[in-house]
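Asks: Line by line, the protein sequences give chains A and B.
The first sequence maps to residues 0 to 414 in numbering that gives the first Met the number 0.
The second sequence maps to residues 0 to 1115 in numbering that gives the first Met the number 0.
Source of the hints: derived by calculation from the structure; they are not laboratory data.
One thing to keep in mind: the hints can contain errors.
List time: in silico EDC-like cross-link candidates among lysine to aspartate or glutamate, alpha-carbon distance up to 20 Å [as the list claims (entries may be wrong)]: (1) K267(A) to E412(B); (2) K958(B) to E861(B); (3) K453(B) to D62(A); (4) K370(A) to D345(A); (5) K370(A) to D456(B); (6) K376(B) to E206(A); (7) K276(A) to E449(B); (8) K259(A) to E584(B); (9) K97(B) to E244(A); (10) K376(B) to E257(A); (11) K372(B) to D345(A); (12) K453(B) to D25(A); (13) K44(A) to E12(A); (14) K372(B) to E179(A); (15) K399(A) to E179(A); (16) K376(B) to E179(A); (17) K333(A) to E520(B); (18) K399(A) to E257(A); (19) K958(B) to E929(B); (20) K472(B) to E520(B).
This structure is a prediction, so every number in the text was calculated from the model and none was measured.
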Amino acid sequence: MLQCIFLISDSGEVMLEKQLTGHRVDRSICAWFWDQSISQGDSFKLLPVIASPTHYLFQIVRDGITLLACSQVEMPPLMAIEFLCRVADVLSEYLGGLNEDLVKDNFIIVYELLDEMIDNGFPLTTEPSILREMIAPPNLVSKMLSVVTGNASNVSDTLPSGAGSCVPWRPTDPKYSSNEVYVDLVEEMDAIVNRDGELVKCEIYGEVQMNSQLSGFPDLTLSFANPSILEDMRFHPCVRFRPWESHQVLSFVPPDGEFKLMSYRVKKLKNTPVYVKPQITSDAGTCRISVLVGIRSDPGKTIESITLSFQLPHCVSSADLSSNHGTVTILSNKTCTWTIGRIPKDKTPCLSGTLTLETGLERLHVFPTFKLGFKIMGIALSGLRIEKLDLQTIPPRLYKGFRAQTRAGEFDVRL
Amino acid sequence: MFNKFGSTSETLSKASAVVHRIGTDAHLYDDPEDVNIAPLLDSKFESEKCEALKRLLALIAQGSDVSNFFPQVVKNVASQSSEVKKLVYLYLLQYAEKRPNEALLSINYFQKDLGDPNPLVRAWALRTMAGIRLHVIAPIALAAVGKCARDPAVYVRKYAANALPKLHDLRLEEHASAIEELVGILLNDHSPGVVGAAAAAFTSICPNNFKLIGKNYKKLCQILPDVEEWGQILLIGTLLRYVVARHGLVRESLMLSLHGMDSNGLCEKDGLGRDLTLDKEEDGGKSDSFDVNLVSLVSKCYIEGPDEYLSRSSYTDTVSSAFDSKETTSIAHNEDVKILLQCTSPLLWSNNSAVVLAAAGVQWIMAPLEEVKKIVKPLLFLLRSSSASKYVVLCNILVFAKAVPSLFAPHFETFFICSSDAYQVKAYKLEMLSLVATTSSISSILREFEDYVKDPDRRFAADTVAAIGLCAKRLPTIPTTCLDGLLALVRQESFAGDFESVDGEAGVLVQAVMSIQTIIERDPLRHEKVLIQLFRSLDSIKVAAARAIIIWMVGVYCSLGHIIPKMLTTITKYLAWSFKSEASETKLQILNTTAKVLKSAEADDFQMLKRVVIYVFELGECDLSYDVRDRTRFLKKLLSSKLACHKPAEDSVASQEHIATHVVEHVFGRKLTPFSPLALHNRFYLPGSLSQIVLHAAPGYEPLPKPCSFVFEEQDQLSDLDRQREAAADLDDSRESSETVDDDGSSDYDSESSIGSDCSSDGDERTVSNGVNDPAAPLIQISETSVSADQEELRSKKALDLWLDDQPSTSNQTPSALNSNQSSYAKISIGDIGSRVKPKSYSLLDPGNGSGLKVGYTFLSEVSTVSPLHVCVEVLFENSSAEPILEVNLEDEESMKVADSSEQTLVGKANASYNNVPTLIPMEEISCLEPRQSAKRLIQVRFHHHLLPMRLTLHYNGKEVPVKLRPDLGYLVKPFSMSIEEFLATESRLPGMFEYSRRCTFDDHVKDSRMENGKDKFLSICECITLKVLSNSNLHLVSVDLPVANSLEDATGLRLRFSSKILSSEIPLLITITVEGKCTEVLNITVKINCEETVFGLNLLNRIANFMVEPSSSAS
């Protein structure tokens, strides 16, 4: 089981340590870890399981903060990693983000949360809605109150009401004057376009996100018009397996507030909404590059915030890029970002320019990969449709809302 | 706070930063010590205390040691504010181990909190108490956990389960069984939350105590989907281990696929293979189905421990002797396996990747062959989670894919690489792609590889090139396409390779040449042209390592085909020409190659080649590198005969040179055999384990238990017991008043459990399983103590009436003869037993250590004459040597020190001055002990602590030997005679925290009753128990309750009561022993102690349980 959790800032400073068992872990392990990641570079920094001379280390990096957990004995590594991910999720929800200052400013909350989330190295309560009940998230009111009165406890002194029931994720009997439930389909398109311009892989990773503000003990049923297109799925613990197995219906008692009901994948899509056509010619130490971006198949809604980013190869010494639409920025680490926004009606956005190679190099022999970003509101590109959302007992003043959005996930266009 | 605000708000930006940080604890973290913390801790305002504690936590977070505030912090544990309490707990857990004495101050508050009506407070108190890790309070903590394990609030029970591993971690041998018992109780809980935590406790405390699982197996399977995710991970593993231990592996599963083939012949294999490749187009070829050898190796690895791994001798051996058919089971006939597979398969949809992987592991090991493929999609879906879990999942998938590549072959697209993948993930994906490639998918995979080769990350590009080589090796149809691509790459890279500015570039080239080499190796003759192209490109390739490989190939394939031999002169000339400018790595290869070429040279080229070789050797001899010079000299010597003669065939003429030529033949002439690494020393670990990721057995890693190693004998006993209980229940209806104690207890629990389960949604379903027919029912009876006090009293009175009354008013079936017999026994046998009591003797000094002097001691039941605190100990000195031993004496170690400092005073006097009550009343000195003579002496000792031994010094022959006198808990009490009424009254005053019980077994009477057949069985059992108890402790027998049972065989309900007072404090201590089971068999007994002094009581309880179990010495 886990023995200790460290939060390390992006400069290598140990911001917080939380010992979990009697077998104390000295923080010198962090120094070792940091030395190694400096000397071995990125590939070490991204290694999630490390066997150090004294401990097994599990790490995840989130927004520059490294969460490092130590263990000396056999344990499921995914359990440690998954737990650290949950901690990071919960912390960023509580603190409104995750960075060095936020962690330091709210270290008491971080301690209190960690204390609730893990005991003796074994995860305890990780369900955000219950944590919210036990430890109040900081908000402006409580902050001001603590300044004025100097005393505001954010630790609840009563048991989370759901803890004893058969639906531990739901507080018993929340009260709302208007009952609202929102269902969001949030989809991400993963695609790979190879160097021949061929669409090698195109699939949708989607999540059904819900925000339920319902009184009492609602029992919901959500059904899709075309569940057969779903290739893979994973469910929130509240979803009952049987109804899904028998007739592909989601039946559940929702947690209170926002949560992720399920995630799914739809494979083998035939088309992408946006095309990217890069071209490159190199001759005598300079390359001419031109990239065209346009709409391939109109989804019927506007495609927003289109961006294209790529990493210039090491051997490029300087670049001169311009576009007829949008802005181009090149950072010092040779990351180039072209922000297009919406595609204008009258012209096709085009990025063009020259790259100068290092002296002695005739032609470019390595090519960058373009990462495409876009967002389309109001449509789920997978074609998944929600048929209906039923409540077993219909509360007064019920409002049901449905939304959908698609954005680019891992969308790679290789040059 | 306001001051700070004012002083820093000079600039707008600063002000906004402050506004942003207002109300947070930022200032506390930034400068925790800007005020004096100590007075704040003593403040009467909660808010100030709170701030001080926050400052301390900030210091802890920053890594400073603030344990010096411990005393002040501990005081605040009494605070009513939940926030202060929480912060104090956080602090306590950090430092309690360091400051044990002060930490003890907090125990009382925890005890108080444990009785709080708010379950949250109880849970916190329990959690902290168990977490402070002090041996001293372990018994109290354990008792508290025992209480909380039966708490009505689910939340508290869950924390009780969580507390168990903490206590186990303290390594309390004497409490081990009590802890396991509690694990059993909690595993049987009806709330999924508790079961999850109990499963975690089970895995860390007693992962191999399958008895506990066996009792609840079906229930655990049913509850599994409702358990919270973290518990699920461990519970899945536990259930899998149980099934393997109980039933062995499944015959139809992948793990035993080889075994099935052995018994059913080859046709089966085809069938299975087809099953697996059912949904794919016909590919043919062996690689498509699965690697049988590897699969059986994997399954063996899952089960074998480290010893077997180390002793594994040869590959074929292990495969053939893999499994015994007895140790397997079939899914068709085994309910347990079926249930396990059923209840884990929906978990493949879990939101938690660790749960999915654990469930997939179960399916992988246990599921029938054709169903294994259902784990594929969920596993692949995991690859769309965080990058960290992606890495771990890929590690595990790789093993699956190695064993059964066809499982993942249709999904090859999933392993296409994304630019955002981490390098390790990319490397694993490449390995996967090269593993799962089939003839139909290879073309698209190769096209992907072409793209990857142009990736800016050159290390990754090099790996891709290596993967191409692997693919070509696996699929014999594609090498030509691969080779063309690789050659083109070599050509292209050789230009780029000129340019050393980009590191990693060289790596791609070297890897390309190596891949070409591995492909050629399989069929060199076919790829002659490729070789020629490579040799031609030598001039343009500048990377030393790549050159070295090509040059090596020149040597190896120098006699291949028709064209190459003709090129040799040109190549060697070129090599000789370039020798000077080469790296030493290449130079060595040039030397080797020229030597090889010379050896196999044709007659017409021989002279030419010889000259070239001599030239190269001359250059080599004056090279800067030692290695090159040495190699040159060695080769020159070896080839001296070749170099001396003029024709290639002449070399074997001279006989004295024969050995040298032989050596040359041997060194250079051997045929090249393709090298294939044997999988023999690969070791696989269970899917989802840490060891599988780090590739060594992590501490605590346990393979699956040996198949069928756990024999579940409970079944028969249970059904017996059930039958008995049913019979008893029938009888109860007819005569309520004389119902047996045992039934009383269990029915009590049943009603309680149905109350507790109200909160569960499908409670009705679960309470059914808690009913009479539940095989777990006997376990519940441990919870005897939960019976409330007044009921207890009532029942005891009932029993008392029965016992006192010679003709019980209500008995219509009870044989009255038995009763009268019993009561008379109680009166006469006590005195009788007194003479038979043989107190146990302990050794103080071995004759081996004491040059022939043997010293033993026994505790006496006599009460000391000096003070009530003293215990009488009889010390027996025995001389087993041949010489007489002089001046034997025992003295207190401490008094010795005093005596040393204050000259030669008498020991007694020194003692008296040292303390009012001497710790040791010394014995009379033995002036001389003749050989084989023994002497007894009496000493009286006052122990400082009931567990700590007393250090004494033994004098003899002028020597001093330190010895330790260990206290026997049983003699730190004195008999306290009381009547049964008094006993019951005292008992009823000591409920709750002051009552603790333990179960153990007792079997002394089995031998005994065999010897004395004529005697009554109850009588002999009573006698045996009493004898055992009184031989080991100093107690007073109060009463014996007799069972009113329907059979003479059933001793259930027999109850003995003892009373005593603790020596040091005069606090009464009551012991009740209740017997259960059949007269002729091993009995289960429950020992219950009521005492105000919790620590002493618990320790004594453990001592009693221990000596009841250990075989009796007096019987022999």
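Asks: Against this structure, judge whether each hint is valid.
Replies: Hint check:
1. K267(A) to E412(B): 10 Å, holds
2. K958(B) to E861(B): This hinted pair is violated, its Cα atoms lying about 32 Å apart.
3. K453(B) to D62(A): Not OK: K453(B) and D62(A) at ~30 Å, beyond 20 Å, violated.
4. K370(A) to D345(A): Answer violated: K370(A) to D345(A) is near 25 Å, above 20 Å.
5. K370(A) to D456(B): Holds: K370(A) and D456(B) sit about 16 Å apart, inside 20 Å.
6. K376(B) to E206(A): 17 Å, holds
7. K276(A) to E449(B): 19 Å, holds
8. K259(A) to E584(B): Not OK: K259(A) and E584(B) at ~59 Å, beyond 20 Å, violated.
9. K97(B) to E244(A): 54 Å, violated
10. K376(B) to E257(A): Not OK: K376(B) and E257(A) at ~28 Å, beyond 20 Å, violated.
11. K372(B) to D345(A): 52 Å, violated
12. K453(B) to D25(A): 45 Å, violated
13. K44(A) to E12(A): 15 Å, holds
14. K372(B) to E179(A): 41 Å, violated
15. K399(A) to E179(A): Holds: K399(A) and E179(A) sit about 6 Å apart, inside 20 Å.
16. K376(B) to E179(A): Status violated; Cα separation ~35 Å.
17. K333(A) to E520(B): 42 Å, violated
18. K399(A) to E257(A): 14 Å, holds
19. K958(B) to E929(B): 17 Å, holds
20. K472(B) to E520(B): 10 Å, holds
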